[in-house]
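Undergrad: Below are the chains, spelled out letter by letter.
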Amino acid sequence: MLGYIDKIREISKRLLDEGRVDMVVGFRKGSMPMMNEPSFIKNSGEVSKLVWDSNCGINLANYLTDRKEKIGVIAKGCDSRNIVTHILENKIKRDQLVIIGVPCKGMIDRRLITAMFDTEVREVNEKGDTVTVKGAGFEKKLKKSDILQDNCSKCIHRNPVLYDELAAPLVEEQKDIDRYAEVRRIEAMSPQEKWQYFEDLIAPCIRCYACRNACPLCYCPTCFVDESRPQWVGKSQDETDIRTFHFLRAYHCAGRCTDCGACERACPVGIKVRQFTSKLNKDCLDMFGWEAGVLPDQRPPLDTFKPADPGDFIK
Amino acid sequence: MGLAKRKAIYVQYAQAVPLKYTIDKANCIYFIKKGKCGACKKICPTGAVDFDQKEEIVTLNVGSVILSPGFAPFDPTVFDAYQYAKLPNVVTAMEFERVLSASGPTMGHLVRASDQKEPKKIAWFQCVGSRDMNKCDNSYCSSVCCMYAIKEAVIAKEHAGKDLDCAVFFMDMRTHGKEFERFYTTAKDKHGIRFIRCRVHTINPVAGTDDLEIRYITETGELKTEIFDQIVLSVGLQIKPEIAELAKRLGIELTEGRFCKTETFEPVATSREGIFVCGVFQGPKDIPQAVIDASAAASAAGEILSEARNTLIKHKEAVTETNITGERPRIGVFVCRCGINIAGVVDVPKVAEYAKTLPYVEFTTDNLYSCSQDTQENMAQIIKKERLNRVVVAACTPKTHEPLFQETLTNAGLNKYLFEMANIRNQDSWVHKSNPELATEKAIDLVRMAVAKVALMEPLKEAELEVNQTAVVIGGGIAGMSAAKSLAKQGYETHIIEKGKCLGGQALNIFRTPKGEDIAEKLSGLVDEITKDQKIHVHLDSAITSVDGFVGNFKSTISSNGKNDVLEHGIAIIATGASAFKPSEYNYGKDPRIMTSLELDKKFMEKDPSLKKIDSAVFIQCVGSREPDRLYCSRVCCTHSIDNAIELKKINPDMNVYVLYRDIRTYGEREYLYKKARGMGIIFIRYSVDNKPEVKPEGEKIMVGVTDHILGRRLSLEADIVTLATAVIPNRDEKLANFFKVPVNDDGFFIERHAKLGPSEFATDGVFLCGLAHYPKPIDESIAQGMAAASRAVTLLARKKIHTSGTIAETMPAVCSSCGVCVSICPYSAPSFIEETARFFPGKAQINPVLCKGCGLCVASCRSGAIRLKGFDNDQIFAQIYELSKAV
Amino acid sequence: MSHHVIGSVLVVGGGIAGMQSALDLANSGYYVYLLEKSPSIGGVMSQLDKTFPTNDCAM
Amino acid sequence: MKVMKIDKNDWAGGIGKIQSSYRLYGPVKGDAFHDFKALEKGELPDLNFLNTRISPKSVVYPQSEIMFEYSLDEKNPDHHIMKDAAKDYSPKAILGIRPCDAASFLLVKRNFDTTEYKDPYWIRSYEATTFIGYACNNPCSTCFCTTAGSGPFNEDGLDILLTDAGDCWYAKAITEKGEKLLNAAGWNTIAAGGSLKKIASLKKEAEAKISSLVSTDQLNNKKTTELYEAPFWEDVSFACINCGTCTFLCPTCWCFDIQDENSGCSGVRMKNWDSCMFPLFTIHGTGHNPRGTKLHRVRQRFMHKLKYYVDKYENGIQCVGCGRCIRSCPVNIDIRRVCDMMNSYDPEACACPVK
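Residue numbers (our numbering), protein chains in the order written: chain S, 1 to 315; chain R, 1 to 888; chain W, 1 to 59; chain X, 1 to 355.
A few of these clues could be false.
[Unchecked claim] For lysine-lysine, the following BS3-like pairs were computed, each having C-alpha atoms within a straight-line distance of at most 27 Å: (1) W:K37 <-> R:K261; (2) S:K29 <-> X:K294; (3) W:K37 <-> R:K602; (4) R:K844 <-> X:K294; (5) R:K741 <-> S:K306; (6) X:K223 <-> X:K294; (7) S:K134 <-> X:K75; (8) R:K675 <-> R:K649; (9) R:K314 <-> W:K37; (10) R:K499 <-> R:K603; (11) R:K188 <-> R:K692; (12) S:K143 <-> S:K105; (13) X:K177 <-> X:K92; (14) R:K612 <-> R:K555; (15) R:K870 <-> S:K306; (16) R:K356 <-> X:K75; (17) R:K248 <-> W:K37; (18) X:K87 <-> S:K194; (19) S:K194 <-> S:K105; (20) S:K141 <-> X:K209; (21) X:K209 <-> S:K134; (22) W:K37 <-> R:K25.
Since the hints were derived computationally from the structure, they do not count as laboratory data.
Using the sequences plus the hints, can you model the full thing?
TA: Shown next as structure tokens:
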């Protein structure tokens, strides 16, 4: 994936020079290992700031919401699916965008790597499929496929679904992936077990809403958790309120979530918030044969109503 | 009705309209003793009593007359054997109905007349005063008694409990109406009501008790004696002599049964032009049929008067709406007793007393019947006098009564949305009958919730919209054509959408009416009339492929031969018909001599010479009807088969004709045909559903095996033809149902707005129903319903403008995220985006109040919480939840 | 026909059928005279308890 | 002040003794991180950590704290009256707090304990607490305490400083409160003469490991309005998702919101942490938000810590250099970079702002 960067810079420079876009949204090198920072450049002289590696896990569709400029955006598979959703939901217009598609081979899980070592990880490099982790007094080589973010390891849409330029040839999609084994495991639990499972899952939540804010789907002017009339949820650490937040957030993403993993990546306390959305993704697939952001001109199933929709209660 | 005493000055019943007292001249001392007494006149503060009121003769000039003089229940006094006059515990069904009624003399408590004892065993005798030439002159079937007897038996069990033994003695069980057969089956199987096929001859008192003894013969031929606490005579309907007199004066022809004579193709026209008939005077019938005829008669009158429409009407003066802006809520709470329906369980005064303590409540009271006219007027007075600006009625369901109370508010100058109902009947007194204390508590909770909500209600505006004056009729059968004809004659452009290649529908397949009219001839006349009418546009080979819009403004796409046209129309009538069932039993399809009724009709129509060669014919009834997977009676087949049997007998009087049946259902005056058939020597053999006849072609003949119910032996009939009276199967059209958002029942028939009071329309505004798509019915009833649907449609079209509901959604653009879910999800296309160039809130969603139906889909799906449903606002619902939480 | 058409209808009998006719006509733009012998309208149906199959109060 | 030597064998026993008179808090390892938690009787703090994920500010200043309780039930004689919620201000101790975190309390104290306003909840809770610091022998790459007014062995705000001397602990009592606790623990073996020297050398060693530095010297000289209008805020704030993680984890962020919450007929008035990263933080009743965009909000956070605070107290920045916001920021916004940008900002040189 490192090889992509030249092509990305070349395209970005061309787009800026030709005046086709006002800015290019991409990543710049972070100040920490395994961290890149979403950023923009408006000047073709700055294209060298743009980077691309296995630490670009943030979903860049999030940075397009309600922008008025013409934007060149670097988009891996999940980003492009969220861009599709953004276009459908009027968050940005298609003709504002030049999508620089990046076929993706997955992002590495920095939390997983951090947890593998007792002392601080100070440097991480990648070359091909090998990732080298260095710290005070240690160095270890890891296989990239072993340290992928969970969502990336299960991804079947690595190639962008919608793009104007391509930074590299398309990659082979993963096949025979069991994406919902974990969901099935939870589905099989008794109600009591499930309850306990989810209680434990969200116990560390500090209600910073990083999961919500990292998600490109969450763009309401006022989130329901911030509404005061009526006040749907309280502001304290009350467990019912926390639970309500997580459940409702997930439901608001039903049929729209691309499993980009931004929520989980952003959580400062490491909650596996995708456990909620995965279940709804699975249900949407099972019930409506639907995957979010794949069809550029079709609204998600829960956004439409037909009298013929399944559900005897309608009659 | 002789069940209880009433005073010489009385109101007929508590909800009577108009609710005025009247003097019973026959029992008033003033009138009996010529001027003595007169106390009422002295005491009446308004001077309303006037003994000198004389009959006045008023002359009215009218364009048309509709006769609906009704019927009298048969008086069984003449039956000596039943000793109705002597035995207090022998009652008529009407009397029993009063005993069951909450507004009746016993307030719905089931007791017998002689000793106020709760009966343990009750018997119903069917056909008292019907189907009887010996003791009375009424040889017709009264059509309604079987069904009402079952209903009474079921309700009696509901009142008295499971242990009550109910037995119905009958000849044929005639449950031919929509959903009736299912009710009958449930009564039998679930409620355990006994049905005994026997006409009981005599009722004898049991000496020393008030009980009644009867003897009857069971189906197996056994003689039995049984004692009942009470016997209900299912008396028939008959036309009063004075009505027959009236008819004579008017020069109107009557039938043998003294009903008004009508033609099949003009079911509500009397023999005199301009005079129409409906109700039981047209023939014995139940409520839905009476309602259908009534609308048909209105339509018939409208057809001849359409040029004078709106020339004589007066408009009600609108009451100016009080502006309540900035006023503190002043809530009035009216708690309804609903006779004993509510008060019998819930402590109504306690609820009313409690309501006084609630915030903003300025006035509370309880009413015997909140829906009665005087209470309505009184409520309006109270609203004005107490300066109430919000009203709660704790009574029954808003589904039926909210519009009534809202009108009361309007009449009192209040915006009708400043109103809330608490359903303390259907959701309380009815379901918690056995727990009055908790029911009272629940009523208190419901009232508290309603008060909390109503305090937050605000006046809502209704939008006005034009009604497109064009009509669309889907289906060009006899019902659809009748509807179209009536609409066109009343001045409305009408389109008939017919999927087939010609008009006519099932009527094309039928030989003649039971009254002897030639259908083909009449039908071609009608088709001719339709085709020539300039206002009617016939689309053959056509189907509706999509429907947008709503009442007053539909937009339908009609696809004809691959060509699509968009038609704008204000109303739609669904008349998609039904067809004949093709059975797989009785070797049908394997031998040309085994045919359906319609196939036999075809032979008649073609004057098939082979008919003359038949020596023996067998009819088998209920083929595909009244069976577990098709639990309805097809209504037309008994009459049809008997008529055809008679025709065969006419062709060859020596022919052996057998009708194998389960119950003969020649309701109303069709009964004469049954009688005639028997007179002609047609043999009727009853079979039971679990022991069906067998049909086997054997050489020259077809052998039909059937078990004779009297002899209990298997008979073998030799037949030349076997006619199967097959079921009427609806053309189940789920797509159309979805287009117009109208429901279909399990059998595939459309579900009307109300089984009794709204038989020819749907709950969806602007969509109407007629013909076989509603339920199997003969031609006269189809035509009547076609006209009725037209009449119902005209009431809407004539308004030209309609008001939409004030209960609609509204966006709060500041919170809107422009995601477009509302735009995508709305079935009525009400939400849209504000233009990008707009000064305020460009790109945010807005809702067209005219298009919004208040369904709430957008409200529920808006993630940003930017849409509110007026009248069901979050505040209001939370206020209710908060009050509910106090109950726990 | 050249005679003047009168936009009113006389309905004889105020039972369920008569009432329904009268309502339909009045709502269609005709003046209706509803004639009833007894002191109030409603006919036999008002004496019934409940109606099949909805068990709606017949009132 | 005296330095005690604690034999590692006496460790558990001493902690047990402390727990009889103090509510003891210490770092506990969860699934992947350490956090300060109330220790159960007999539970030992796990000192094998770099620093906790969330700062220990909640020990004194809980994320959600009930101040008053009330009843709306009119049957209750005290209905509609705010009543003080029950509080426990008995002595407590935080064992293992890092010097940077301890120093943060002094910064926060400036806000909650002023001459004109004293926050009773914070002050009483703070005063009840004994701070047992734990010197950092191995600072992280994100630690910049030495240039943020603190340091790995910094004693400000501490009552005791523990130093891991390999085979034993040195416990330096800094305040009387500290001495009292050492007594209660029974750790009263005075360390041999070389201990101070040993500590000093460990300190030097640790400080030398800190390569991460910020410059703050010019902040005071910059014009507030010029910094406010600096063009770099667009670049700085671009990646921000306004999650508020930085403020929640920050030991020096003190903002809170007061809120009444009802449940049925009873309710509480509570204070909850708030965050300047949230749009709701400044929204007006009218719906207008003076800090309507994330640029506004990101700028506010840095300007508050690195400029307004500096101007107001003229004594350091509102940051102790713990590095938590850098480590936990999901999009890698780095306060060190921003601080340097602000410190070196020259409006003249930036006459042509980034387009």
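Undergrad: Hint by hint, which ones does the structure fall short of?
TA: As far as the earlier hints go, 3, 7, 14, 18 and 19 are violated by this structure, in ascending order.
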